[in-house]
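**Q** Residue numbers (my numbering), protein chains in the order written: chain A, 1369 to 1471; chain B, 173 to 451.
Hints were generated in silico from the structure; no laboratory data involved. Just so we're clear, the structure is a prediction, and the values are computed from it rather than from any experiment. Treat the hints with care, since some could be wrong.
Here are the computed lysine-lysine pairs in the PhoX-like style, where the Cα-Cα straight-line distance is at most 25 Å [unchecked claim]:
(1) A:K1466 with B:K349
(2) B:K314 with A:K1462
(3) B:K422 with A:K1409
(4) A:K1410 with B:K422
(5) B:K349 with A:K1409
(6) A:K1410 with B:K237
(7) A:K1409 with A:K1426
(8) B:K342 with A:K1467
(9) B:K314 with A:K1466
(10) B:K314 with B:K261
(11) B:K349 with B:K264
(12) A:K1466 with B:K254
(13) B:K316 with B:K254
(14) B:K375 with A:K1467
(15) B:K314 with B:K254
(16) A:K1467 with B:K264
(17) B:K287 with B:K349
(18) A:K1466 with A:K1410
(19) B:K422 with A:K1467
(20) B:K261 with B:K311
(21) A:K1462 with B:K422
(22) B:K342 with A:K1462
(23) A:K1466 with B:K336
(24) A:K1423 with B:K422
(25) A:K1409 with A:K1433
(26) B:K349 with B:K237
(27) B:K314 with B:K210
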Amino acid sequence: MFRSAAIVIPTALLALPFAASAAASRADYQAAYQQALAVHKKAGTLDNQWTTTGKVLKAAQAAAKQGDYDKATTLAGKAKMLAQLAVDQAQTQKQTWKKAVVR
Amino acid sequence: MHKRVAMAAAVVIGILSTGTAADASPQQDLQAFRNYFKMRFPDVAFDDYVNGPYALDKHLRAQWKSIMEFPPYAFALDAGKKLFHTPFKNGKTYADCFENGGVGVRQNYPYFDKKSGQVMTLELAINECREKNGERPLKYRKGKMTALSAYMSYTSRGKRFDIKVPDGPKALAAYRKGKEYFYSRHGQLGFSCASCHVQEAGKKVRAQLLAPALGIVASFPIYRSKWGSMGTLDRRFTGCNRNVRAKPFKAQSETYRDLEYFLTYMSNGLPVAGPGSRP
């Protein structure tokens, strides 16, 4: 009993700093959100924002409002990925649309 | 040796033809568009393309003919006629703003306005007329705007679309922007307008039969059963964008007006059939 406690307690104490660093903070969320928003705006300048990105950004904001920064940061990351795909699509289509023209 | 030369020539011709299709003149595009649909649907008469999905499916057509015994756009038409002839506060009417008193002019819209350097749609012209006469502009997607547009289209029925791309870089640029948007894939689902209305025209997306792009604008504004009300092209473009998860543009944005310009040019020679009714 004492022996196992002697192992478990120091292990748990060692794990604490890692557990604390794994949980996202408000600052983490804000940074992730701003990055996602910047890419989403870039998609807008290319006339190709996706509605999905906007919805995920709103969901991220809602999670942050509830104080769930883990979820909010994950959603902001997802929004950034979607926005980047929209940017890539717009840039690719600048050339590939020509192949679809009826001739 | 000869085989290699022939293959190289084929590659060069292929490259040249790709360039030609993207950079083709509006007239060349129009001819290619008509030929494409003629080959795709050899049994459909040219004028019948204004009827969209009803030109392709006899069962849908039969239902539509029954519906048209009491056209669902009739109320909008009556309201539009009344609005059109009701004087503004300054005593003037819409007739004062348009050529031929606004009667039988739909086939000339949209046109490229050299003065403003932009595409002028019928709906934009209606609101310009209102503002010039001290009235507030109407919303573009539904409501009174569709009623006015329906009435003006009705007075133009049978007149053939005659959209022009005047000489000059600006008009051609607007036409080409519309063309590029039409063929470019958008949204998370990665569809272009052409995906549904050129490549997959005549096929179904769930229960909806996809109308051919040729003549697709000729019946607007439309009463759409799905909406349960009338809508303009702006409303339809917005819906198409949302369907493919692309953020829609503002009504009468440059993108939508350029798209309308291209699409209506592609309908040149077809009769005005608006207002229409669609599933």
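**Q** Now look at each hint and say whether the structure bears it out.
**A** Here's how the hints hold up against the structure:
| no. | hint | verdict |
| --- | --- | --- |
| 1 | A:K1466 with B:K349 | holds (12 Å) |
| 2 | B:K314 with A:K1462 | violated (32 Å) |
| 3 | B:K422 with A:K1409 | holds (16 Å) |
| 4 | A:K1410 with B:K422 | holds (18 Å) |
| 5 | B:K349 with A:K1409 | holds (21 Å) |
| 6 | A:K1410 with B:K237 | violated (48 Å) |
| 7 | A:K1409 with A:K1426 | holds (15 Å) |
| 8 | B:K342 with A:K1467 | holds (24 Å) |
| 9 | B:K314 with A:K1466 | violated (34 Å) |
| 10 | B:K314 with B:K261 | holds (23 Å) |
| 11 | B:K349 with B:K264 | violated (36 Å) |
| 12 | A:K1466 with B:K254 | violated (46 Å) |
| 13 | B:K316 with B:K254 | holds (11 Å) |
| 14 | B:K375 with A:K1467 | holds (21 Å) |
| 15 | B:K314 with B:K254 | holds (17 Å) |
| 16 | A:K1467 with B:K264 | violated (50 Å) |
| 17 | B:K287 with B:K349 | holds (19 Å) |
| 18 | A:K1466 with A:K1410 | holds (23 Å) |
| 19 | B:K422 with A:K1467 | violated (28 Å) |
| 20 | B:K261 with B:K311 | holds (19 Å) |
| 21 | A:K1462 with B:K422 | holds (22 Å) |
| 22 | B:K342 with A:K1462 | holds (20 Å) |
| 23 | A:K1466 with B:K336 | holds (23 Å) |
| 24 | A:K1423 with B:K422 | holds (18 Å) |
| 25 | A:K1409 with A:K1433 | holds (22 Å) |
| 26 | B:K349 with B:K237 | violated (37 Å) |
| 27 | B:K314 with B:K210 | violated (33 Å) |
When the structure is compared with the earlier hints, violations turn up for hints 2, 6, 9, 11, 12, 16, 19, 26, 27 and for no others.
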